[in-house]
Amino acid sequence: MYYLPNIFFIIIMVFGFSLFAKNIKKLIRNVKLGRDIDRDDNVSERWRNVLTVALGQSKMTKNPIAGVLHIIVFAGFIIINFELLEIIIDGVFGTHRIFSFAGGLYSFLINFFEILAFLVIVSVVVFWIRRNILRISRFHNPEMKGWAFKDANNILYIETLLMSAFLIMNAADFNLQQLGAEHYTLTGSFAISKFIAPMFSGMSETSLMVIERGAWWFHIIGILFFMNYLYWSKHLHILFAFPNVFYSKLQPKGELDNLESVTNEVKLMMDPNADPFAVDAGGEEEMGKLGASDVLDLNWVQIMNSYTCTECGRCTDVCPANETGKLLSPRNIMMKTRDRIEEIGKIVDKKGKFEDDGKTLLNDYITPEELWACTTCNACTEACPVQNDPLSIIVDLRRFLVLEQSAAPTELNMMMTNIENNGAPWQYSIADRLNWKDEDTKA
Amino acid sequence: MYVPTMAELTAEGKKPDVLFWVGCAGSYDERAKKITRAFVKILNAANVNFAVLGTEESCSGDPAKRAGNEFLFQMQAMTNIEIMNAYEVEKVVTACPHCYNTIKNEYSKLGGNYEVVHHTEMLQQLINDKKLTIEEGEYTGKKITFHDPCYLGRANDVYEAPRSLINEMEGELLEMASCKADAMCCGAGGAQMFKEAEKGDKEVFIERIEDALETKADIIVTACPYCMVMMTDGLKYKNKEEELKNYDIAELIEQTLKL
Chain A
9 MYYLPNIFFI
19 IIMVFGFSLF
29 AKNIKKLIRN
39 VKLGRDIDRD
49 DNVSERWRNV
59 LTVALGQSKM
69 TKNPIAGVLH
79 IIVFAGFIII
89 NFELLEIIID
99 GVFGTHRIFS
109 FAGGLYSFLI
119 NFFEILAFLV
129 IVSVVVFWIR
139 RNILRISRFH
149 NPEMKGWAFK
159 DANNILYIET
169 LLMSAFLIMN
179 AADFNLQQLG
189 AEHYTLTGSF
199 AISKFIAPMF
209 SGMSETSLMV
219 IERGAWWFHI
229 IGILFFMNYL
239 YWSKHLHILF
249 AFPNVFYSKL
259 QPKGELDNLE
269 SVTNEVKLMM
279 DPNADPFAVD
289 AGGEEEMGKL
299 GASDVLDLNW
309 VQIMNSYTCT
319 ECGRCTDVCP
329 ANETGKLLSP
339 RNIMMKTRDR
349 IEEIGKIVDK
359 KGKFEDDGKT
369 LLNDYITPEE
379 LWACTTCNAC
389 TEACPVQNDP
399 LSIIVDLRRF
409 LVLEQSAAPT
419 ELNMMMTNIE
429 NNGAPWQYSI
439 ADRLNWKDED
449 TKA
Chain B
96 MYVPTMAELT
106 AEGKKPDVLF
116 WVGCAGSYDE
126 RAKKITRAFV
136 KILNAANVNF
146 AVLGTEESCS
156 GDPAKRAGNE
166 FLFQMQAMTN
176 IEIMNAYEVE
186 KVVTACPHCY
196 NTIKNEYSKL
206 GGNYEVVHHT
216 EMLQQLINDK
226 KLTIEEGEYT
236 GKKITFHDPC
246 YLGRANDVYE
256 APRSLINEME
266 GELLEMASCK
276 ADAMCCGAGG
286 AQMFKEAEKG
296 DKEVFIERIE
306 DALETKADII
316 VTACPYCMVM
326 MTDGLKYKNK
336 EEELKNYDIA
346 ELIEQTLKL
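Sequence order for the protein chains is A and B. Counting from 9, one number per residue, gives the positions in the first sequence under the numbering used here. Counting from 96, one number per residue, gives the positions in the second sequence under the numbering used here.
Hint data in this document are derived by calculation from the structure and do not stem from the laboratory. Keep in mind that a hint or two might mislead.
Label-pair distances were calculated between CB atoms; the ranges are [as the list claims (entries may be wrong)]:
#	chain 1	residue 1	chain 2	residue 2	range
1	B	E230	A	S414	53 to 59 Å
2	A	H148	B	E177	49 to 55 Å
3	B	I301	A	M295	37 to 43 Å
4	A	M295	B	E270	45 to 51 Å
The structure presented is a predicted model; accordingly, all values stated were derived computationally and were not measured. Ideal Cβ positions, reconstructed from N, Cα and C, are used throughout, including at glycine.
Turn these sequences into a full structure, and let the hints steer you where they fit.
Rendered as structure tokens:
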């Protein structure tokens with residue numbers, strides 16, 4: 009009987025972590041369903057980006073209020089999780105505050121954690137107000153209805169509960185210390201929980217222990233729950249942001265990749281020595297599908313982008329198309345990509361491999377109308393705090409529409425015909441290309 | 096105005112220091128042609144040894160690529176690269192940020208490796224090298240706002256060259272609420288120039304001209320032929336084309352130098 013809590017603790021820890029590992033493995037598998045892309049170059053620059061953009065959150069602070077509050081929550085969560093180490097040891101061995109032998113250092117650390125926990129609660133409250141009372145517009149675009157909106161608030165509630173449990177546990181602990189309860193090592197009062205402690209004074213030792221143990225168990229089970237909640241949540245960014253930033257595009261923002269299969273074909277076409285009658289049967293297949301119609305035609309970085317997106321909407325907020333009432337929302341491009349890869353992941357779970365389900369990312373999730381509204385201005389990629397690249401997905405889908413389906417808007421087809429015929433997007437003669445030099449009206 | 100072509104110079108056994116890539120807008124668009132001439136006059140004044148491709152130039156392929164037509168883009172790119180490489184071009188200057196971006200970033204992987212500069216960067220370099228001197232003039236003390244072209248700014252991180260030129264003319268630079276890396280697009284990039292906008296509640300260029308008008312500047316300056324079209328449309332829409340003027344930086348310098 010004595011060891012029951014320890015065994016129970018070990019069971020839930022193993023259960024929580026295995027479930028988490030299983031889901032993470034599934035996520036990695038889904039990411040790897042994407043096409044290959046080489047992003048292993050310039051490793052030092054990539055690590056520098058991880059330090060500044062991911063860890064240092066350099067792009068978050070563009071919006072100073074949200075940025076600073078986010079850094080507090082982020083730092084709070086990372087640092088307070090060191091507490092987890094003590095919780096695990098205590099839980100497994102049935103000890104209580106195993107590290108308290110460190111005396112002054114221990115008190116300092118717990119005080120520090122408490123202040124952080126308090127700041128996290130304050131930040132989370134401000135976040136909640138911004139989202140629900142001030143109703144900042146980017147949190148209320150059409151794609152934010154339903155689960156996306158609930159998810160955002162759920163995260164805030166869970167964070168508040170976890171931090172509160174930590175503070176309540178310490179407050180009850182302090183009262184127990186005062187009563188000289190067995191096992192409760194004297195640590196003195198703590199910075200924040202000392203303001204909660206008086207609420208529990210006068211309570212019996214048993215009630216206090218129920219509160220203290222209750223908060224302790226709530227805290228650890230809460231952490232395990234939250235960890236496993238990530239899989240279904242936009243909050244997944246706390247893990248994915250790091251690899252996502254590492255593997256992000258390093259080239260100038262304006263540079264789009266050149267399709268290699270097209271390069272080979274064009275070179276062949278332009279080579280005067282190439283034999284036009286050489287065996288080229290099934291040339292189409294050789295080239296493979298051009299552009300993307302479904303999520304499996306995207307590369308794995310683009311799929312990882314979709315899992316990393318935390319739906320903050322900074323991209324959509326600065327998108328010129330969205331700002332002027334068009335259907336396009338770069339955030340929605342990311343969200344739809346994630347929805348689709350999740351759906352494909354489920355098919356793979358069931359059947360062992362992907363089998364056509366009659367749906368595609370293009371049309372069923374993202375419409376051509378959205379795609380054609382993009383000005384490729386890169387405002388979205390500039391705004392994204394985790395270096396997502398919705399523009400690359402838009403361009404890949406456009407490529408499929410144009411190269412595989414010849415489905416460009418009529419005016420664009422005219423523009424392209426002009427380029428083919430006379431080397432300019434307008435219908436002017438090549439012979440007139442230098443006319444400007446003799447048209448100086450002022451001279 | 097002295098505008099040699101690569102073919103002419105080669106026939107004379109000469110080689111220019113830099114190829115001026117005029118671009119389709121600079122060659123055919125009435126408004127952009129003025130910018131082309133302004134820039135050539137400055138090049139002449141600074142004794143720059145340049146040449147153009149003339150009728151051998153063809154669309155860089157930018158609108159085709161961004162519309163999704165990778166085939167057409169690469170056909171254009173490889174044709175252009177073949178010609179430029181045949182002339183042993185080493186340096187390219189252009190007044191079009193779209194051509195600039197494409198030739199600089201996307202041609203290199205297809206065999207076209209050149210030092211590519213935007214005309215604002217080159218003008219700044221000419222001033223630094225004392226080949227061009229700008230003193231006070233028409234634009235001294237004038238309120239000027241600068242619209243960052245996406246393909247110059249965000250796409251390639253060129254923010255200072257155009258601003259320093261406004262500074263050289265001692266104009267009073269008034270920044271728009273969104274500028275530099277946060278600048279709003281004019282609405283013409285990504286092949287939008289050639290099509291009607293999708294259904295929405297406003298044209299992008301109207302939103303952007305409102306940003307410009309808010310600065311209370313007298314002159315709206317940009318450095319891209321597409322942005323120029325959009326700003327002009329915006330001023331027309333707001334019935335402000337009489338009160339406010341919009342120019343390319345090269346034109347301001349042309350006027351300051353009275354070329």
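Hints, one by one, checked against the model:
For E230/B paired with S414/A, a C-beta distance near 56 Å keeps the hint of 53 to 59 Å intact. Evaluation of the 49 to 55 Å hint for H148/A and E177/B yields a pass: the beta carbon distance comes to about 53 Å. Between I301/B and M295/A the CB atoms are about 42 Å apart, so this pair conforms to the stated range of 37 to 43 Å. Here the CB-CB span from M295/A to E270/B is close to 47 Å, well matched to the stated 45 to 51 Å.
Of the hints listed earlier, there is not a single one the structure fails to meet.
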